[in-house]
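Undergrad: Below, each chain spelled out in residue letters.
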Amino acid sequence: MIELTLQALFSGLLAGGYYATVAVGLALVFGAMRVINLAHGELVLLAAYIAYAAESRYGINPVMAIPIALVVVASASAIVYALLSRIEHDREINSLILTFGIGIIMTNGILTIWAADIHSTTNPWFQDSLVIADTLFAMNAEVAFFIGGLALMAGVYWWLNHSWQGRAVRALTSNRNAAMLMGVNPRQTEILSFMIAALLATFAGVAIYTGKTVFPSLGHVLTVKAFIITVLAGMGSIHGVLIGAIMIGVIESLTVTYLSASLQELAGMLLFLVVLFVSPSGLFGGRRALAR
Amino acid sequence: MTNALDVVSLRAGYGAINVLWDVSLTAETGKTTVIVGPNGAGKTTLLRAIMGLVPVTAGDIRVNGQSRKGAKTWDTVADGVVMIPEGRMIFPDMSVEDNLMMGAFPRACRAGWKRNKAMVFDFFPRLAERRDQIAGTLSGGEAQMLAIGRGLMEQPRVCLIDEPSLGLAPVVVDEIFRILGQLRADGMTIILVEQNTSRALKIADHVHLMQSGKVVLSERGDAVDLDRLHALYFAHDAA
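Residue numbers (numbering that gives the first Met the number 0), protein chains in the order written: chain L, 0 to 291; chain W, 0 to 238.
Where hints are given, some of them may not hold.
[What the hints assert, rightly or not] Straight-line Cα separation of at most 20 angstroms, EDC-like style, residue types lysine to aspartate or glutamate; simulated pairs:
| hint | chain 1 | residue 1 | chain 2 | residue 2 |
| --- | --- | --- | --- | --- |
| 1 | W | Lys68 | W | Glu85 |
| 2 | W | Lys71 | W | Glu96 |
| 3 | W | Lys30 | W | Asp204 |
| 4 | W | Lys71 | L | Glu87 |
| 5 | W | Lys71 | L | Glu189 |
| 6 | W | Lys113 | W | Glu85 |
[What the hints assert, rightly or not] Okay, the calculated bits of chain W under chain L, using three or more residues with CB under 8 angstroms as the criterion:
| hint | segment |
| --- | --- |
| 7 | 65-79 |
| 8 | 82-89 |
| 9 | 95-105 |
[Stated by the list, open to error] From the derived model, a few chain W residues whose C-beta atoms are all more than 10 angstroms from chain L:
| hint | residue |
| --- | --- |
| 10 | Glu27 |
| 11 | Met50 |
| 12 | Leu52 |
| 13 | Asp92 |
| 14 | Val171 |
| 15 | Ala184 |
| 16 | Asp185 |
| 17 | Arg219 |
| 18 | Ala230 |
Calculated from the structure, these hints are not laboratory results. Note that the Cβ used here is the ideal one computed from N, Cα and C, for glycine as well.
Please model the entire structure based on the sequences and the hints provided.
TA: So, in structure tokens, the structure goes:
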């Protein structure tokens, strides 16, 4: 019983790590631009399919496909940004409509190119099991991408707190006009945050392709999950996103272990509602603090 | 010698609402120019228009003789024109130290940030004590000191200061005006918007009075008669 619980907690932790990698990108763009990119999950999925295409067609190891996927996802992000930045009025609501539409187009583009089949890596190493302390099981891919994801998020956290451009993202989040008075060019900073979100999305996409399965409708599932985690964390708090993601991962994993796999999504949503009921501004949303 | 700032027949506002109707004024290099006037006269809007935060519909803004009309805020900042907004415009979610670091964001200011920060902490020892505190938890006076310190980190050649004494206790106002007097003595070009006329006049080389989006009086600081200024100030308000 104890072992089963520990295993559930461990699996939840690993799942939370990859949820966080998806959600931090969403939170970063929201922080810099006050825009929720509803196509973010589709960008993650795009990376996963690029890894699939590279592996199935050219036999490239999914990890080696990361740079190729990054170029594609970054280009797609740049197009999303270029369209977003043309919105002149009511950016908050119009950006939702625009990015939602882009998400639908991307899902159907993926469906047209790669069909509705479910795919996962064919490289056995990723799905070989790894045993930790004789009791905890995981796939190599899950552990590798969990550690990689944490390192990447730590890098983003450091960048936000200790680099000139990272501080500018936080300043923009905090007070847009004041940031401009400090010489910040918002467009430059926004596009930079989009590119970092693209990097996180690429990494998450390849993690999903190697550790789980991908299919065209997964994009919006990821967007919704990332959005829930971001709100749960309190819009824009990076360490809040990590904790919120792990909470969602753990509660889903406990539900699968002790109740039923079909209740997995419900459990995450219930947690979300309970947290918002108790603390409407999220876990760490007292202030709109990015990376604090 | 060219003026630090020439504003020529400036018309500006927020979309459909025009605030500045026909503003012309100058500020000499190395001098302190004070702009006074009642609430809603357009003083803050004028500063924001100079910084490119408010669109200009007619007229011109020249800094050191060069037109800055339509320039981007960040380019204006890079050219050494700095606006110190009121204390509420600090970054509330960032620490005092990170706020100051943002002041050093313009490329030309990055190399000297350590020296400039030491200077700011000399000016305002209170900020040094609170360097790790989240700026949103500072008192009104401390927030104003932070806004000024952050502006000084930008190494201003022309420094626009918006209402630095607004809502502050007299003892804090004393401290802020002491610092402004020191900056003036150091030869900084200052354009100060202030409602506290009697205080502001003491450090003014030149005074402009604004009323309903226009400049209605321009005089040398030592020629201004406070009673007459106040009479004008209120007369137009009632009209």
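Undergrad: For every hint, state whether the structure bears it out.
TA: How the hints compare with the structure:
Simply put, W:Lys68 and W:Glu85 have alpha-carbon atoms about 23 angstroms apart, too far for the 20 angstroms limit, and the pair is violated. A C-alpha spacing of about 27 angstroms is found between W:Lys71 and W:Glu96, which places the hinted pair above 20 angstroms, so the restraint is violated. Restraint check for W:Lys30 and W:Asp204: satisfied, since their Cα atoms lie roughly 6 angstroms apart, inside the 20 angstroms limit. A C-alpha spacing of about 17 angstroms is found between W:Lys71 and L:Glu87, which places the hinted pair at or below 20 angstroms, so the restraint holds.
With a CA separation close to 16 angstroms, the supplied pair W:Lys71 and L:Glu189 stays within the 20 angstroms bound. Between W:Lys113 and W:Glu85 the alpha-carbon distance is near 24 angstroms, which puts this suggested pair outside the 20 angstroms criterion. Requiring three or more residues with a Cβ within less than 8 angstroms of a Cβ of chain L, the coverage given for the segment 65-79 of chain W holds, as 5 such residues are present. With 4 residues having a Cβ less than 8 angstroms from any Cβ of chain L, the segment 82-89 of chain W passes the three-residue criterion, so the hint holds.
Interface restraint, the segment 95-105 of chain W with chain L: holds (6 residues with C-beta to C-beta distance below 8 angstroms; minimum three). Annotated as non-interface, W:Glu27 keeps its C-beta farther than 10 angstroms from every C-beta of chain L; the closest such distance is 23 angstroms. Distance check on W:Met50: its Cβ comes as close as 6 angstroms (rounded) to a Cβ of chain L, failing to clear the 10 angstroms threshold; non-interface status is violated. At roughly 6 angstroms from the closest C-beta of chain L, the C-beta of W:Leu52 falls inside 10 angstroms, breaking its exclusion from the interface.
Listed as outside the interface, W:Asp92 is inconsistent with that label: its C-beta sits roughly 4 angstroms from the nearest C-beta of chain L, within the 10 angstroms cut-off. At roughly 21 angstroms, the least C-beta separation between W:Val171 and chain L is larger than 10 angstroms, which holds for a residue marked as non-interface. Listed as a non-interface residue, W:Ala184 keeps its Cβ farther than 10 angstroms from every Cβ of chain L; the least gap is roughly 25 angstroms. At roughly 22 angstroms, the least C-beta separation between W:Asp185 and chain L is larger than 10 angstroms, which holds for a residue marked as non-interface.
The Cβ of W:Arg219 lies farther than 10 angstroms from every Cβ of chain L, with a closest approach of about 30 angstroms, so its non-interface assignment holds. The non-interface label for W:Ala230 is consistent with chain L: the shortest C-beta to C-beta separation is roughly 35 angstroms, beyond 10 angstroms.
Hint check: violations occur at hints 1, 2, 6, 11, 12 and 13; the rest are consistent with the structure.
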